[in-house]
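S.K.: Sequence:
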Amino acid sequence: MKVSSRPGDPPGDILNLRGTVVPADIGGGRRLSWQHDADPDAWFKIFLNQIEQGVTQDHEFIIYPIEGEQSFFEVIAVGSGNRFADYTHLLEELNGNKVLLAWTGSTSGDVDFYRIYNDNKTGTVDYNTIIATVDHLGAVAHSWKSDALSDGTWKWSVRAVDNATNIETNVVTVSVVIDTYPLAVSNLDFTFDDGTDKVTLTWDASPSADIDKYNIYGNGGSGFISYDTPLAVISSPTVTWLSPAIVAAGTYNYGVRAEDTGGKEEFNSDITVTVKIKDTPIEEVPTLPNAPIGLTATPVAAGKIQLDWLYDITNQEVVPSVYSVYYDNNTGVVDYVTPLDTVLHSAAGNNGRYLTFTFTTAALGDGLSYKFGVRAQSAAGNEETNVVIATAIADSTLPNAPTGLAGVETY
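Numbering (the numbering used here), first residue to last: 380 to 790.
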């Protein structure tokens, strides 16, 4: 995924254009968001791989790119009177990572299909290795698109095969240069050293073959990451970076972008990490999951109490690992030191944006009131500290039996 903003006509530049993954649980896709303060009446035209996807006055838009395909998002600010005009001339010139071949079908009446060959960047087409086959449609236009290719010059050839499997032997070739943006890094992570007050970033290398370096970007402790000037440049194949010592509290955001030997830098804005720092002394503030919401407690049979809650997956800093269930044991004060039990995050039910959870206690004291709390905890063991309480009275007393049972014949 690549993200770019372009100046409009006349409202001005778009700032801090970002693309983030929308969880599949709430519809999937990519959410684009941006800032624009120059003209409150501006409209925004959104493009995916140079094809317009929509126009809006909002500062966000959801796009559904093809999974596994390279995606280049662009947003242009325009005046209200020009929101339906053609602005494709302002878009970034794109170079894809695939080849599209086109040819006119053979005029022979018994042609069955075509074989596609290439040179695998060696300079000589290998006619012993079939890359693909395409059915014959007649003496009309045919086309075929390759899978993703690495950068370089590729030679291609197409030969016709008839019903008797005779293969004609033309040696016409076409050369196509693939010069794409590199693929993004993955699994960006960080550690903070309380002794040195420094951040270490680590990431998995870009899978592109011609990576020259990795550019490190940050926000200086507040606001959005600035991708104008890198904080540091790390030569490939190194995939780690140590920051200078942090001297002030703040929320430090970092991003990493790959750059190839031709000077092309990919434009990801969603591969980032956030390090929260407090001062006196300088130390990391743990990254916490969202607090559960909608906690309820309901008496059920045999003196047990059923707890239900929701978890909102949007805008979370980190995914929970478990939920700790706490109670007061009829003391009136919930004990947040020793959990009654835990519930795995993976046990969630799916209700779109919200995940649903249920927990049922063992039998409790009949007629006694119990208070419960539930807190989310990350895989690193950091637990948020909400104090939402749900109360229920355990009930194991059986109801009285009915009396005076009688039966008569009736119509």
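Note that these hints are calculated values from the structure, not bench results.
These figures come from a predicted structure and were not determined experimentally.
Ideal Cβ positions, reconstructed from N, Cα and C, are used throughout, including at glycine.
Don't take each hint at face value.
[To be verified] Label pairs and their in silico Cβ distance ranges: (1) D573 <-> T770: 51 to 57 Å; (2) I445 <-> A584: 20 to 26 Å; (3) V513 <-> K577: 55 to 61 Å; (4) D437 <-> T770: 25 to 31 Å; (5) N761 <-> T619: 44 to 50 Å; (6) R462 <-> G574: 52 to 58 Å; (7) D392 <-> V519: 43 to 49 Å.
[As the list claims (entries may be wrong)] Keeping only pairs whose Cα atoms sit at most 30 Å apart, straight-line, the calculated DSSO-like set for lysine-lysine is: (8) K477 <-> K577; (9) K643 <-> K657; (10) K500 <-> K655; (11) K592 <-> K643; (12) K750 <-> K477; (13) K577 <-> K534; (14) K683 <-> K592; (15) K592 <-> K655; (16) K683 <-> K657; (17) K477 <-> K534; (18) K657 <-> K534; (19) K524 <-> K577; (20) K657 <-> K524; (21) K592 <-> K500; (22) K643 <-> K683; (23) K500 <-> K477; (24) K592 <-> K477; (25) K524 <-> K534; (26) K477 <-> K524.
S.K.: The structure should be examined with respect to each hint, and the outcome stated for every one.
M.R.: Evaluated hints:
no.: 1; hint: D573 <-> T770: 51 to 57 Å; result: violated, 40 Å
no.: 2; hint: I445 <-> A584: 20 to 26 Å; result: holds, 24 Å
no.: 3; hint: V513 <-> K577: 55 to 61 Å; result: holds, 56 Å
no.: 4; hint: D437 <-> T770: 25 to 31 Å; result: violated, 42 Å
no.: 5; hint: N761 <-> T619: 44 to 50 Å; result: violated, 23 Å
no.: 6; hint: R462 <-> G574: 52 to 58 Å; result: holds, 55 Å
no.: 7; hint: D392 <-> V519: 43 to 49 Å; result: holds, 46 Å
no.: 8; hint: K477 <-> K577; result: violated, 42 Å
no.: 9; hint: K643 <-> K657; result: violated, 37 Å
no.: 10; hint: K500 <-> K655; result: violated, 48 Å
no.: 11; hint: K592 <-> K643; result: holds, 10 Å
no.: 12; hint: K750 <-> K477; result: violated, 61 Å
no.: 13; hint: K577 <-> K534; result: violated, 49 Å
no.: 14; hint: K683 <-> K592; result: violated, 60 Å
no.: 15; hint: K592 <-> K655; result: holds, 27 Å
no.: 16; hint: K683 <-> K657; result: violated, 43 Å
no.: 17; hint: K477 <-> K534; result: holds, 13 Å
no.: 18; hint: K657 <-> K534; result: violated, 58 Å
no.: 19; hint: K524 <-> K577; result: violated, 48 Å
no.: 20; hint: K657 <-> K524; result: violated, 53 Å
no.: 21; hint: K592 <-> K500; result: holds, 24 Å
no.: 22; hint: K643 <-> K683; result: violated, 62 Å
no.: 23; hint: K500 <-> K477; result: holds, 14 Å
no.: 24; hint: K592 <-> K477; result: holds, 24 Å
no.: 25; hint: K524 <-> K534; result: holds, 14 Å
no.: 26; hint: K477 <-> K524; result: holds, 7 Å
Checked against the numbered hints above, the structure violates hints 1, 4, 5, 8, 9, 10, 12, 13, 14, 16, 18, 19, 20, 22; every other hint is satisfied.
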